[in-house]
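Student: Listed in order, the protein sequences are those of chains A and B.
The first sequence runs 1 to 388 under this note's numbering.
The second sequence runs 1 to 296 under this note's numbering.
Some clues are possibly wrong.
To be verified - Okay, derived cross-link-like pairs now, SDA-like style, lysine to any residue, Cα gap no bigger than 25 Å in a straight line:
1. Lys213(A) to Trp191(B)
2. Lys379(A) to Gln123(B)
3. Lys213(A) to Trp267(B)
4. Lys55(B) to Lys129(A)
5. Lys174(A) to Thr120(B)
6. Lys129(A) to Lys379(A)
7. Lys98(A) to Trp267(B)
8. Lys55(B) to Glu384(A)
9. Lys144(B) to Leu270(A)
10. Lys213(A) to Gly119(B)
11. Lys311(A) to Glu384(A)
Said to hold, decoys possible - Short, incomplete list of chain B residues facing chain A, as computed with Cβ under 7 Å:
12. Leu12
13. Ser265
14. Pro284
As the list claims (entries may be wrong) - Distance ranges between label pairs, derived from CB positions:
15. Gly281(A) to Val74(B): 40 to 48 Å
16. Asp293(A) to Gly59(B): 54 to 62 Å
17. Pro388(A) to Ala70(B): 38 to 46 Å
18. Ala347(A) to Lys55(B): 51 to 59 Å
19. Leu228(B) to Glu37(A): 40 to 48 Å
20. Ser227(A) to Thr132(B): 50 to 58 Å
21. Glu299(A) to Gly59(B): 39 to 47 Å
22. Ser93(B) to Thr212(A): 37 to 45 Å
Quick caveat, the hints were computed from the structure, so don't treat them as lab data.
Model, not experiment: these values are computed from the prediction.
We treat Cβ as the ideally placed atom computed from N, Cα and C, and that holds for glycine.
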Amino acid sequence: MSLPTAVHRRVFLGVAVAALLAVGCKPSGGGAGTGTEIPVGEFASLTGSEAAFGRSSHNGTVLAIEQLNAAGGVLGKQFKLITEDNQSKDGESATAVKKLISRDQVVAVLGEVASGRSLEAAPICQQYKVPQISPSSTNPKVTEMGDYIFRVCFVDPFQGTVMAKFAANTLKAKKVAVLTDVGAPYSVGLGTFFKERFVADGGTVVAEQKFTKDDKDFKAQLTAIKSAAPDAIFVPAYYGQVTLIVMQARELGITVPLFGGDGWEAPELLQGPGAAAALEGCYFSTHFSPDQDSPRAKEFVKAYEAKFGAKPDAMAALGYDSALLLSDAIKRAGSAEPEKIRPVLAATKDFDGVTGKMTLNAQRNAEKSAVIIGIKGGKFVYTETVNP
Amino acid sequence: MSEFIQQIINGLSVGAMYALIAIGYTLVYGVLRFINFAHSDVFMVGSFVGFYSGKVLGGTSWAGGLGVMAASMVGCALLGILIERLAYKPLRSRSKLTVLITAIGVSMLLQNVGQLVFGTNPQPFPDTLPATTFQVGGVVVSSKDLVVLGFTLCLLGALEYIVLKTKVGTAMRAVAFNPQAASLMGINIDWIISFTFGLGSALAAAGGFLWAYKFPRIEPFMGVAPGLTAFVAAVLGGIGNITGAALGGLLLGVIETLVKGSRWSTWTEAIAFVLLILILLFKPAGLLGRVQAEKV
């Protein structure tokens with residue numbers, strides 16, 4: 001073996017190892033609670049395909065923790081937020097939550113937005129008896145995982161009902177098509193609840209099509225939907241694929257409105273050439289709108305804009321509420337021990353969050369109103385509020 | 001009926017991109033007898049080079065779009081040559097398995113460096129080529145589909161010409177046939193192998209650019225799924241055979257689309273792979289591949 005080749009290989013390996021190390025090691029918060037601090041864990045999709053959700057939710061949580069600490073914390077202690085990124089990948093959330101519980105000894109876990117990833121973490125939180133509060137996972141199965149799992153948002157049977165009524169009454173649709181992501185429990189669940197309600201109210205589902213997470217080409221499914229001639233198309237999916245779906249639908253000459261759930265809400269939905277134009281006249285349901293007329297919401301929007309320079313969306317508001325609810329529960333329990341927080345959390349009644357007053361029901365779900373947002377002139381426009 | 005024709009058009013347009021990527025796999029295999037698993041990540045880099053050069057050039061025009069595509073092809077050709085020189089050349093005398101595992105390593109390296117350099121959030125790809133749609137009867141044809149098909153056919157033609165009619169192409173075939181004998185005939189093997197990698201990577205880059213043009217959301221893992229399908233296409237067509245790879249890509253694109261549009265849509269991948277197994281059972285060398293006697 002000649003010398004230059006050997007050197008080459010060593011350089012190459014060096015680069016490879018350096019790159020892998022740089023990717024593999026993320027700064028992590030250390031240590032257990034020191035007595036003056038209450039460690040709170042958070043896992044979020046800060047990077048990857050649903051990064052917009054993770055970042056919004058994380059920003060909301062950070063803002064809440066900062067405000068709580070500035071106001072003196074709780075029980076004379078400061079909160080310490082320890083955040084793990086699951087890169088929007090399947091399988092990472094379980095590892096992240098195990099680390100938060102066993103190494104960082106957090107008193108509670110906040111997360112996630114996507115139901116699939118909350119479902120990964122839930123059995124672990126339940127096993128170690130650490131309360132998990134999901135800010136915005138709407139699939140009913142999440143809190144069914146055990147009595148340590150809570151959420152501060154409504155569930156998909158309600159969201160499905162809201163959108164079924166909206167399709168029938170506002171969009172005047174009699175025939176709809178449903179296009180779901182079979183890999184996401186959120187998408188499958190919401191699609192089913194929507195369908196059940198829409199059919200029960202006298203509508204027909206003329207086409208049902210499916211896709212998976214890696215799909216970029218939806219023309220096959222959309223062509224089949226087009227020939228069924230629906231009045232509207234329900235797409236309960238996440239924003240990254242929704243933009244491509246709507247753009248390809250328009251390319252195929254489908255002019256009817258498409259509508260979906262809270263998975264649509266991210267600024268990225270409208271980014272890129274032609275995206276806003278294609279989405280004009282489409283609608284989605286969500287938890288919160290910065291244009292909502294409540295003093296609590298206005299205060300939050302102001303503080304969020306001052307810190308992050310952008311208007312908060314529903315994920316940010318729910319991230320904020322999840323941290324506030326935890327702090328409130330610790331205060332009411334008079335202790336930061338996970339097993340003492342749980343029963344108090346379960347008894348939450350009329351808690352005043354920025355997304356509205358919430359009472360946790362027997363299934364540990366929040367009962368509250370939904371907001372419908374339309375896309376007009378390339379912007380998210382508040383359309384109406386639907387009460388449970 | 002118009003739905004069926006529409007599905008065929010949809011399928012051909014995805015299949016054309018699979019074909020472009022598959023040709024890269026087959027080209028390298030034909031000359032070196034090993035699968036370059038980093039190929040699908042060169043495809044990803046190609047679309048990111050297009051993304052940045054599209055931002056620099058700005059605007060939507062044919063000249064600009066072609067410029068962007070040329071930039072990503074040149075960039076990736078250089079990357080392909082660099083990868084071969086640094087990672088594969090030192091291992092040329094080692095077993096094929098060593099090289100294969102190195103290729104997987106290079107693939108992971110590109111994905112992870114891609115995450116650091118490009119970020120992991122999907123980016124909207126800028127509009128580089130003008131786009132319209134045509135309506136013929138009940139069938140809608142997007143100019144994007146025509147552009148993708150047209151480019152693929154042109155690049156295929158150019159490649160066939162290079163391999164069959166030029167001096168470099170003759171040398172490539174000679175190296176594929178017998179490297180030792182080729183080098184005794186005065187062919188610079190290193191140069192020819194570099195050229196093969198450059199050519200294959202340029203095709204991957206063209207595929208990456210067209211993919212991003214059609215599906216304008218790009219991220220560092222975007223190469224994995226189409227890369228796998230294209231690899232299957234290359235095997236289906238008979239790996240080592242250029243026309244076979246193109247045929248395999250188009251065929252797989254159409255089959256995938258037809259299955260996705262039916263009510264068995266969740267079985268898409270399963271059906272594609274069952275088909276592959278069936279074809280390989282009856283034609284072990286692929287559709288257009290020839291069974292070769294093993295040299296001992």
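Student: Next, verify each hint and record whether it holds.
Tutor: Against the structure, the hints:
no.: 1; hint: Lys213(A) to Trp191(B); in the structure: violated, 41 Å
no.: 2; hint: Lys379(A) to Gln123(B); in the structure: holds, 19 Å
no.: 3; hint: Lys213(A) to Trp267(B); in the structure: holds, 14 Å
no.: 4; hint: Lys55(B) to Lys129(A); in the structure: violated, 51 Å
no.: 5; hint: Lys174(A) to Thr120(B); in the structure: violated, 41 Å
no.: 6; hint: Lys129(A) to Lys379(A); in the structure: violated, 43 Å
no.: 7; hint: Lys98(A) to Trp267(B); in the structure: violated, 34 Å
no.: 8; hint: Lys55(B) to Glu384(A); in the structure: violated, 39 Å
no.: 9; hint: Lys144(B) to Leu270(A); in the structure: holds, 21 Å
no.: 10; hint: Lys213(A) to Gly119(B); in the structure: holds, 19 Å
no.: 11; hint: Lys311(A) to Glu384(A); in the structure: holds, 19 Å
no.: 12; hint: Leu12; in the structure: violated, 11 Å
no.: 13; hint: Ser265; in the structure: holds, 5 Å
no.: 14; hint: Pro284; in the structure: violated, 29 Å
no.: 15; hint: Gly281(A) to Val74(B): 40 to 48 Å; in the structure: holds, 42 Å
no.: 16; hint: Asp293(A) to Gly59(B): 54 to 62 Å; in the structure: violated, 43 Å
no.: 17; hint: Pro388(A) to Ala70(B): 38 to 46 Å; in the structure: violated, 58 Å
no.: 18; hint: Ala347(A) to Lys55(B): 51 to 59 Å; in the structure: holds, 54 Å
no.: 19; hint: Leu228(B) to Glu37(A): 40 to 48 Å; in the structure: holds, 47 Å
no.: 20; hint: Ser227(A) to Thr132(B): 50 to 58 Å; in the structure: violated, 23 Å
no.: 21; hint: Glu299(A) to Gly59(B): 39 to 47 Å; in the structure: holds, 44 Å
no.: 22; hint: Ser93(B) to Thr212(A): 37 to 45 Å; in the structure: holds, 42 Å
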